[in-house]
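Undergrad: Take these sequences, add in the hints, and give me the full structure.
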Amino acid sequence: MKKVAIVGYAQHPILENAGALNEVELIMPVVHQLFDELGISQNNIDFTCSGSCDYLQGAAFAFVEGLSAIQTNPPIKESHVEMDAAWAMYESMLKIQMGDADTALIYGFGKSSPGRLDSIISLQMDPYYISPLWPDRVSLAAIQARVLLEKNIITPEQMITAVIEARTNSKNNKNALVTELVDKEAYLASEKISSPLNEFDCPPISDGSSAMIIASEEKAYDFTDQPIFIEGIDHRIESSNIGSRDLSKPSGILASIEHLKLEKTKFDVAELHTQFSHEVPYLQSVLKLSDVPTNLSGGPLVGNVMMCAGLDAIGKTYESLKSNDLINGLAHASSGPCLQHNMLVHLEKKS
Amino acid sequence: MSEEEKKDYAESPINLEYHYTAGSATTRFLNQVKEGKIVGQSCPKCSAVYVPPRGSCPRCGVATNIEVPLTDKGCIESFTIVHIPIPGNPIVPPYVCAMIRLDGANISFLHLIQGIDVEEIRIGMRIQAVWKPKDEWTHSLENIKWFAPIDEPDVDVATLRFQES
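Residue numbers (the working numbering), protein chains in the order written: chain F, 48 to 398; chain P, 61 to 225.
Bear in mind the hints are in silico, worked out from the structure with no lab data behind them.
Among the hints, a few may not be true.
[What the hints assert, rightly or not] Covered stretches of chain P, as calculated for chain F (at least 3 residues, CB under 8 Å):
#1 76 to 82
#2 85 to 94
#3 120 to 133
#4 169 to 176
Glycine included, C-beta positions come from ideal geometry on N, C-alpha and C.
TA: This is how it looks when you write it as C-alpha cells:
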C-alpha cells in the first residue's frame, strides 16, 4: 500500500447558529486558512472530495453549491460523499492508492441549526420501505445506552465522567462550542431527554466546517516537514436493521481492529467520534484505551458538526501528534444510528 | 371496504421545515433589491461580476467582496417559450422565460419577458426591468414584474462569452 500522510487540517469555530452565513461562506475560510498555512493553492491539489448531507440544507444536490467555495478553474477532479467527511478522506485515500492523485483536499460542512436535526437524521438514516418510522437519533442512542448499562459493559458513573471530562477538555479546543464546566450535581439534577440520556449526555446542535489535505509520501514533504502518516484505515458497516444487531457487540469495529492489527499497538492519544456520553466508555473498552488520553479536544460532546465531526476526530488526532511528543494516534469516525458504521484510522508520526 | 375502495398503496406525506438563510452576500444584495437597486458583486481575482451574488466566485473560490451597482437594463442571453400551463401559475401561456444578462454582469438570471409577441423574441434583444409599484417592494427579484424590450440595437452574442481578464 502506498504511504499517505495528512499534511494539514483546519476547522471553523463551531457555532450554535451560523445565522446568515451560508454553507459556502462557512467552507471558504477554512479552505483558505489551510492553503495559506501551507503556502499552496487549489492548483496543488489533484483531487477534491467533500462530505455533507443534502437533508441538512433541505435541497436536492445542495452539496454542488458547496463547490462554489473552491477554485474550479482550471477544471478540477472532484467527488462527494453523502456522509461524514471522514469517508471523503477514505475516498481520497483510495484515489491516491489507485495512482489517480498524489494530493487531495477534503472538506466537510454542515448546519444543523436551520431544521429539526432529529427528523433530518431520521430521514437520512431510516431504512424504511413504505413510510418513515421517524426514530429520532437520541432515542436510538438511548436504546444502546440502556443495553450497555444493563449488561454492565458501562456504568452510569462512566457516563458522568465522560461528560465532565469532555467539558474540562474543551479548554484545549479553541473551536469548541460548549465550554461551560459541569459537575456531578448539575448532571444528576438534569432531566432525562430519553432515558438514560439527559441533555449533558447528548451533543450540542452545531454549525461549521472543516478541511484537510492529504498527500502521498513523495509529495507530503513538499507541504510540510512533519507529515503525519496514515498507517492504517478501515471501515465496516453493520446491518441497517437495528433489530438484527446486538447493540452490545461491536462486530464491525472488532473486525477493523483485527484487519489493522491494532491489538498490540500502544496508542499515545485517541479521538473518538462519540456523540453520546455512553459511547465514550463503551468504545474505550472495545478499543482498549483505558490508559490512553482520549478526546483531549472534548470530542463531539462539546461541538458536533454533522458530516464533519468524524473528520474532526482525525484532524484533532493529527494536531495532537503534530504538536506533542507523541507517536501513535487512533481516530474513530462513525455514521448511522447506535454506532452502526465505524472507521478506524491509525496515525503515526515518523521520527 | 368495497372492491372499489381497496388500495394497493398507502399515502404517507412527509415534510421537513427549515429556517432558510440566503447567506451574508445574498443578504446584502436583497437589501438593495428592497430599495429598487441591483448591486452585483465582483471577484477580486478574475473581476467577473455576479448578479445575483451567492457569496463566492465559483471559478476562483474566493469571496465576492466588491459591490458593483448595475442598471436594470440588459439583454436576452437565452429564452424558452412556455406553452404548457402550470397549475396555480396566474400567467397565461404562451409566455417567455429568459436568461437575463444585465449590462456589466458576467452571469444571467431567470426572469419573465412581456410586452412583445413571443414569436419576436430573440437572443441578444435589449430589455429593461418593469418594476412593481414601490410600496410592493420586498427582499425579492419579484419586485421586477418582468423585463420588456427597449428600442436599442441587439447585442452581438459573441460579446456575451466570458472574457479572461
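Undergrad: Now tell me if each hint is right for this structure.
TA: Status of each hint after checking the structure:
Residues of the segment 76 to 82 of chain P with a Cβ under 8 Å from some Cβ of chain F number 7, which satisfies the need for three, so the listed coverage holds. Closer than 8 Å: that is the beta-carbon criterion, and the segment 85 to 94 of chain P has 3 residues meeting it against chain F, so the requirement of 3 holds. Judged by the Cβ-Cβ criterion of 8 Å, the segment 120 to 133 of chain P is covered by chain F as claimed, because 4 of its residues qualify and three suffice. Counting residues of the segment 169 to 176 of chain P whose beta carbon lies closer than 8 Å to any beta carbon of chain F gives 0, which falls short of the minimum of three for the stated coverage.
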